[in-house]
Amino acid sequence: MVTEIAIEAPAMPEPARHDFGSSARLWCGFLGRAWLWFLGGCLVVTFAPMAFGWRPYVVESGSMQPRINVGDVILASPEHDPGRLLGHVTVFNDPDPSHAGTVKSHRVIRLNPDGTMTTKGDANPTPDPVALPKSDVIGIGRLLVRWIGLPMTWLQRGAWVYLALLLGSVWLAAVFVVRDRDEDDESPNDEDPDDEFADGEWDGLAEPEKAAEPSRRRTTEDFGTAFAVAAREPRSLRRAHHRRRLTPRQRLRKATARLVVVTSGSAALLIPTSQAAFSATTSVVGASWTTAATFGPDYTTDVKSLNPYLYWKLDDAGTTSVAVDYSGNNRNGQYTPAPSGSTQWAMLQTGGLTGQSPNLAVTAAGGANNSTTCVYTNAAAQNPAVNTYSEIIWFKTTSTQGGKLIGFESSQTGVSNSNSGGQYDRHIYMDGTGALSFGAWTGAATTVTSGPGYNDGAWHMAVATMGSAGGMRLYVDDVLVGSRGFVDSQNYDALNGGWWRVGCGNLSGWGGYTTQTNYGFAGSLDEATVYTSELSASNVDKLWIDINPRPVITGLQNGNFETGSISPWTCTTGSGISTNAHSGTYAAVLASNGSKAGECDQTVTLLPNHAYTLTAWSWRATVGVTGGATGSAPPSSNGNKYGQVNFTFTTDSTGVVTVYAQGQAGGTGYVDDITIN
Amino acid sequence: MSKQLGRRRRIVRAVAPAVGLLAAGLLVWQGSYAAFSATTSATGNTWTTGNLVLENNGGGTYATTTSADFGGTNLKPGSTNSVCLTVKSGGSVAGDLRMYVSKLTNTDGLAPKIDITVQAASTTTDVSKCSDFPTSGVSNLYSTTLDALPADYAGATASDVAVASGSVLEAYKITWTLDSSTDKTFMNKSASADLTWEIQ
Chain E
1 MVTEIAIEAP AMPEPARHDF GSSARLWCGF LGRAWLWFLG GCLVVTFAPM
51 AFGWRPYVVE SGSMQPRINV GDVILASPEH DPGRLLGHVT VFNDPDPSHA
101 GTVKSHRVIR LNPDGTMTTK GDANPTPDPV ALPKSDVIGI GRLLVRWIGL
151 PMTWLQRGAW VYLALLLGSV WLAAVFVVRD RDEDDESPND EDPDDEFADG
201 EWDGLAEPEK AAEPSRRRTT EDFGTAFAVA AREPRSLRRA HHRRRLTPRQ
251 RLRKATARLV VVTSGSAALL IPTSQAAFSA TTSVVGASWT TAATFGPDYT
301 TDVKSLNPYL YWKLDDAGTT SVAVDYSGNN RNGQYTPAPS GSTQWAMLQT
351 GGLTGQSPNL AVTAAGGANN STTCVYTNAA AQNPAVNTYS EIIWFKTTST
401 QGGKLIGFES SQTGVSNSNS GGQYDRHIYM DGTGALSFGA WTGAATTVTS
451 GPGYNDGAWH MAVATMGSAG GMRLYVDDVL VGSRGFVDSQ NYDALNGGWW
501 RVGCGNLSGW GGYTTQTNYG FAGSLDEATV YTSELSASNV DKLWIDINPR
551 PVITGLQNGN FETGSISPWT CTTGSGISTN AHSGTYAAVL ASNGSKAGEC
601 DQTVTLLPNH AYTLTAWSWR ATVGVTGGAT GSAPPSSNGN KYGQVNFTFT
651 TDSTGVVTVY AQGQAGGTGY VDDITIN
Chain P
678 MSKQLGRRRR IVRAVAPAVG LLAAGLLVWQ GSYAAFSATT SATGNTWTTG
728 NLVLENNGGG TYATTTSADF GGTNLKPGST NSVCLTVKSG GSVAGDLRMY
778 VSKLTNTDGL APKIDITVQA ASTTTDVSKC SDFPTSGVSN LYSTTLDALP
828 ADYAGATASD VAVASGSVLE AYKITWTLDS STDKTFMNKS ASADLTWEIQ
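Protein chains in written order, with my numbering: chain E, 1 to 677; chain P, 678 to 877.
In short, the hints are calculated from the structure, not lab data. Idealized CB from N, CA, C, for every residue including glycine. Be aware that one or more of the hints could be misleading.
[Stated by the list, open to error] Stretch-level coverage of chain E by chain P, calculated; a stretch enters the list once three of its residues show a Cβ under 8 Å from a Cβ in chain P:
1. 26-38
2. 120-133
3. 141-153
[As the list claims (entries may be wrong)] If you want the footprint, here are the derived chain E segments under chain P, 3+ residues with CB under 8 Å:
4. 92-106
5. 282-292
Let the sequences and hints guide you as you build the complete structure.
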């Protein structure tokens, strides 16, 4: 509207050149006055509410766009009730530690159960990351004064050109106003300025029709009617202002007026700032790390790494009859009878893979009859190679009936009756004494057999393997219990092949078994595995130590004491490292501690069940081992210098022994260069 | 000077303050109304103007929240893996992009055993698998343990990645390792975390 008037003004018909210049001054004065009053009004609105506790904040960033822009001033009144703040622009001390000490203006979008509030910038896609506690709330946004804080942001950004333009406009406005007044001073006919506004008002209000020209009349009407109230409000202010103008010292007055205007304009720079910071987040949720049940090697992984033909872990729950194949070859087995509802199967029993997860197995009722418990392949298997294959089965039983653990037969179910062409071999079976046999049939039975006693109620791992490298071998618990240089087996029908079976099968003609029947194994079965390759002793060993890890062989450390420190030996008080060495620089001194002989010890882990020789150089000292083995060597016969001593010992199954060197009560001994071989 | 002109001058002068003050009043009224009145639809993203959008493709496609195939089960000392993803900033504002752990569940105490390295590199194509991760211009942001990663934007000061305005892609490679020194007391333990990228 101001602009519109400015355009109209030059177009107004003016009677004389002098009048035209006067009119221009008048309208420039109008613009100047309007601009200054506008700025003043904004400043008053900004600062006046401080009288009743409201506080202004300049918005410094744009995350509340398009409603609130940079440079706007938010007037906030104290309000701490979260219920009233919900949905409103709230001014608060930023609870985000990264913005400690700053004031933020964002909208409360959610009340949290813990009493905090979630805030968000309107222009931000995601809420602020840190919830707002009630204690950080300053107040609720009540009034927004557009742009008035811009000088503040310009100042902070160093936008001096904008600042200069603004100050220039204020200065220019002041000049316009003063010029307009100067005209009054030049005019002898000028009325008492004190009445100036009153007259103007009344003219505008009461006699709008008297206005001479249409364009001017309209202008007067607009202002007079619509703005009269606003114009009347600050009247007393204006009166005071213009009374001052009556004083004679014009120049001082002008300067003062300009100073006042600029100073009050600068007051905008005192408004505290508030951030409405842009931010956005994106998240990857649910990253999760879970460690293994055991950090030892994984038996299942190692079995698979040897590329099994089939691998029934027998971890099945038994809701279906399927024995899942873990080989990756989809050679599932089938439980018979169906485990669901059967009393002959106990599923999900603790298995043989101690320390592994999961460690599950099945327990079969067994028994020598044709309806015994069994797991067999769903589909007929091809005739396996006669000379290269391996089988693994874990079992646990106290049965004295024995039975077949794993094998290959020409019939899927029932008895592969040898009297009518039935074939069955490549099997591991147990006899009544708990001895295990691995048998291959080539017109006659060829077996390798272990000693008795594996029906001791403990889990055992039986591995049968055949191949050109090692012949026919049977391992039980990683120990080779039987072998022979024989590489041949039953040749099954090339077309029909046969079936792998676990836990049952005909044994007629094998060992003491004579009856044509299913010799079902009564006991727990686990990890049935078939390979079409030969397994080496180290293959078997690797699988075994997955479950039965060997102690780490530490051997003797710092036996010559040349580290210069007694560690890892531990010694009695007064004993320790010494430079009285047999060789090198250091040895151990064994000094009597009161009446007790000085001693240094070190516990070492050696191979279990292994013979060793300990050699040392000692001087008035006894060297020995205790714990998992016993042995010692007395001090050398030469009492005045080092002499070499040695003794032998054999470790027990733990392999753990304590090596000691002991001086003499009341005396001092030395020991050096201890080795164990 | 004519009486008429003097009279006009008085009117114009009288009206000028009214114009200025009215404009000020209108300005305040309009601004306040727009900013503070419409509160009913203020929740959620109703007013989002999309000035700043941050997404990641950890789940294969870009989304604000994804579930990357991160971490693992059956971990043993030395178990390790790398996850690569791209954080896409589509906004009109430049800022500093930082990564931090916005949520950490560590009741088992496993987090100190999970070593994490975080690398970032500017990219022009989407990186969702580590074979596509840039080989040059890579900055190493973190090499620490899961529990020692910063928990908020402020703590992540050392990992600033300056992001310009407009659509910007930043590839991240996060490599975790269950520390090889992890002893058996940490068997069968779990830790979980949410990773957040924030731009300000």
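Now the hints, each set against the structure:
Under the rule that three or more residues need a Cβ within less than 8 Å of chain P, the assignment of the segment 26-38 of chain E holds, with 12 such residues. Look at the segment 120-133 of chain E against chain P: 7 of its residues bring a Cβ nearer than 8 Å to a Cβ of that chain, three or more, so the hint holds. With a threshold of 8 Å between beta carbons, the proposed coverage of the segment 141-153 of chain E by chain P holds, since 7 of its residues qualify and at least three are required. Counting residues of the segment 92-106 of chain E whose CB lies closer than 8 Å to any CB of chain P gives 5, which reaches the minimum of 3, so the coverage claim holds.
With a threshold of 8 Å between beta carbons, the proposed coverage of the segment 282-292 of chain E by chain P holds, since 11 of its residues qualify and at least three are required.
Violated hints are absent here; each numbered hint is respected by the structure.
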